[in-house]
Amino acid sequence: MFQAKLRSDILKGIVDVVSTLIDEAKFKISDNGIQLKAVDPAHVAMIDLTLSKDAFEQYSAAETDLGLDLEKLKEVIRLSKSGDIIEMRQDEERGRLVLMVGNVTRRMNLVSTEGMSDPKVPNLTLPARITVTVDELQRGIKAAESISDHVALNANTEGFEMVSDGDTDSVSLKLPKALLVDLQCSESIRSLFPMDYFSTIIKAIPSGTNVSINLGNDLPVRLDFDIAGGKGSVRYLLAPRIEND
Amino acid sequence: MFQAKLRSDILKGIVDVVSTLIDEAKFKISDNGIQLKAVDPAHVAMIDLTLSKDAFEQYSAAETDLGLDLEKLKEVIRLSKSGDIIEMRQDEERGRLVLMVGNVTRRMNLVSTEGMSDPKVPNLTLPARITVTVDELQRGIKAAESISDHVALNANTEGFEMVSDGDTDSVSLKLPKALLVDLQCSESIRSLFPMDYFSTIIKAIPSGTNVSINLGNDLPVRLDFDIAGGKGSVRYLLAPRIEND
Amino acid sequence: MFQAKLRSDILKGIVDVVSTLIDEAKFKISDNGIQLKAVDPAHVAMIDLTLSKDAFEQYSAAETDLGLDLEKLKEVIRLSKSGDIIEMRQDEERGRLVLMVGNVTRRMNLVSTEGMSDPKVPNLTLPARITVTVDELQRGIKAAESISDHVALNANTEGFEMVSDGDTDSVSLKLPKALLVDLQCSESIRSLFPMDYFSTIIKAIPSGTNVSINLGNDLPVRLDFDIAGGKGSVRYLLAPRIEND
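Here the protein sequences line up with chains E, P and Y, keeping their order. Number 245 marks the last residue of the first sequence (the numbering used here); no jumps. Number 245 marks the last residue of the second sequence (the numbering used here); no jumps. Number 245 marks the last residue of the third sequence (the numbering used here); no jumps.
These are calculated hints, taken from the structure and not from any lab test. It is possible that part of the hints are untrue.
[To be verified] Okay, derived cross-link-like pairs now, DSS-like style, lysine-lysine, Cα gap no bigger than 30 angstroms in a straight line:
(1) E:Lys203 x Y:Lys12
(2) P:Lys203 x Y:Lys142
(3) P:Lys53 x P:Lys120
(4) Y:Lys81 x E:Lys81
(5) E:Lys12 x P:Lys142
(6) E:Lys142 x Y:Lys74
(7) E:Lys53 x E:Lys12
(8) P:Lys12 x Y:Lys203
(9) E:Lys174 x Y:Lys81
(10) P:Lys81 x Y:Lys5
(11) P:Lys81 x Y:Lys81
(12) Y:Lys142 x P:Lys12
(13) Y:Lys81 x E:Lys142
(14) P:Lys81 x Y:Lys142
(15) E:Lys53 x P:Lys174
Produce the complete structure using the sequences and hints provided.
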């Protein structure tokens with residue numbers, strides 16, 4: 001059983017982030033809220049998203065899984081303005097989710113969640129933690145993405161640097177400690193990541209969000225950020241690209 | 001003979017609506033104003049448009065037919081802002097229409113009206129009449145057009161509903177009597193129409209316009225609406241798609 | 001040696017104009033400023049651009065040539081807002097130009113200037129000179145460019161006219177003396193030019209710029225206009241298309 005009302009911009013934030021990895025998602029519904037874990041088909045990145053029932057205008061649910069086509073959710077979101085309320089109701093008999101925006105009702109078939117695994121999110125110890133507004137990262141990504149197909153994330157006690165090195169050109173975004181929200185780093189750290197994954201997730205995070213970048217030498221990066229004004233959170237893990245020099 | 005000045009947004013409104021059906025149009029000019037009747041090549045829809053000479057800033061004409069390429073008219077309209085005046089003058093000697101916007105003069109060859117028939121608009125008795133602002137319909141169309149290639153228009157004594165039923169999903173726009181401008185309906189009515197025609201005409205009608213939807217069971221729908229602040233009017237007829245269930 | 005700071009909108013103005021003719025450009029740097037001369041590959045048009053060191057927020061240079069890929073400069077400009085400062089520094093050791101916008105640093109390889117000639121700008125005597133805001137010309141070009149692949153520029157003692165004559169349609173932009181900034185013309189002048197070159201340069205000139213059109217019968221046209229608020233200037237020469245009637 002699932003029946004809820006949610007602000008359209010909160011639903012949009014979730015769908016934008018999750019659809020960077022997958023087309024169809026399994027939303028695990030409980031009486032406390034919603035959880036979603038997913039890996040992309042190439043097993044390069046993983047997402048672990050939690051949204052408390054407090055993020056909803058109204059929420060009433062018993063434990064259930066909802067398999068949803070994210071492209072169809074985007075169609076419904078596009079019918080609404082940022083502050084609008086989207087009403088959702090599971091139609092258990094017909095295996096459908098019913099969504100209402102204003103006077104429009106969209107009934108969508110649920111997708112089967114049978115093939116969808118519940119990925120186990122690894123518990124990594126990552127020595128460095130850089131917190132920064134996503135807007136800074138977005139500017140750096142915009143500058144770097146035409147340069148190379150990978151991006152290096154570097155941190156030391158002085159600050160954070162994002163570097164993209166191509167054959168003829170290079171781009172770096174350098175953020176000294178003073179421009180960061182927070183810096184926890186006691187040594188020099190460097191890891192290399194695939195540009196397409198990193199740029200896609202950075203661009204999907206809403207402007208103004210503080211992102212914590214958790215780094216270790218040649219370890220996965222974990223991005224932590226809040227959604228729904230702190231009533232939900234996302235952990236995003238991305239595997240490193242090992243350098244051979 | 002034809003010489004006139006018209007506000008650019010009024011001309012745009014006419015061309016947007018008529019070009020949903022045809023590329024070239026025969027404008028019948030008289031000393032009272034302009035009339036235009038057209039069917040699309042597949043004979044699925046028909047338009048009957050009237051614009052009084054009172055809609056013009058200046059109007060002087062004797063009976064004549066003008067065959068015009070609507071795409072070329074759009075090019076001229078794009079040179080103007082909404083409040084701008086477009087000046088038009090028939091050059092009978094050369095078979096051209098001369099249009100002036102600001103300091104720019106466009107001379108365009110008339111197209112032959114010989115092949116263009118004068119369709120007879122059928123006089124239908126349609127028992128239901130729903131009047132609604134086009135913006136409500138546009139929201140419903142936006143939600144429905146990816147779902148199915150047809151759309152059902154339903155009315156009863158309680159209100160109006162637009163339903164699009166696809167293989168896995170469905171969309172409905174439900175407008176109870178209180179959300180309608182007017183409702184004349186004493187029984188349950190339902191007709192099915194091709195989505196592409198219906199969505200194209202609904203999207204071509206300027207925001208804020210009141211549209212009257214005239215319906216009968218499995219009969220054509222007739223949309224009536226004013227243009228040019230009531231100094232002109234459009235009747236648009238669309239053939240039903242007969243259901244076999 | 002070259003090290004400078006320049007407002008992003010000034011750099012954009014230069015790159016927009018020069019990239020109408022070429023993809024890679026040789027910037028001749030001296031202690032007084034920058035000069036650039038270029039012809040397009042088909043030798044139909046020529047540009048001669050000068051930017052004084054006074055246009056820069058900071059300027060320090062010794063004589064050198066910089067070969068730059070204009071598309072890459074556009075990428076850097078897109079990272080900035082109109083008032084932002086772009087910092088540039090030649091890295092002579094590595095043959096690179098280093099550009100800084102905010103916290104982003106872009107290092108780009110210089111391109112070889114060996115194949116790039118220094119075109120000699122011919123000294124033409126052109127009897128007519130029409131000065132007009134580029135916005136008027138842009139409106140005329142927008143109306144005319146779908147009509148024909150050439151455009152006639154006409155002037156006489158009364159004013160200026162731009163005419164494009166197609167098979168079925170024609171467009172003219174007529175600017176009487178009162179709508180011009182200045183008119184120096186004592187006889188009837190007419191020349192025909194290729195539409196694509198003329199429309200591309202006119203659209204690349206920033207709105208609000210006064211352009212002087214220097215004309216002679218069947219002679220090249222020379223467009224003169226200021227950049228960087230008068231601290232730089234452009235001369236653009238375009239070969240006529242000789243009419244055979």
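For each hint, the structure was consulted:
no., hint, result
1, E:Lys203 x Y:Lys12, "holds, 25 angstroms"
2, P:Lys203 x Y:Lys142, "holds, 26 angstroms"
3, P:Lys53 x P:Lys120, "holds, 23 angstroms"
4, Y:Lys81 x E:Lys81, "holds, 28 angstroms"
5, E:Lys12 x P:Lys142, "holds, 18 angstroms"
6, E:Lys142 x Y:Lys74, "holds, 13 angstroms"
7, E:Lys53 x E:Lys12, "holds, 16 angstroms"
8, P:Lys12 x Y:Lys203, "holds, 25 angstroms"
9, E:Lys174 x Y:Lys81, "holds, 19 angstroms"
10, P:Lys81 x Y:Lys5, "violated, 39 angstroms"
11, P:Lys81 x Y:Lys81, "holds, 28 angstroms"
12, Y:Lys142 x P:Lys12, "holds, 18 angstroms"
13, Y:Lys81 x E:Lys142, "holds, 14 angstroms"
14, P:Lys81 x Y:Lys142, "holds, 14 angstroms"
15, E:Lys53 x P:Lys174, "holds, 29 angstroms"
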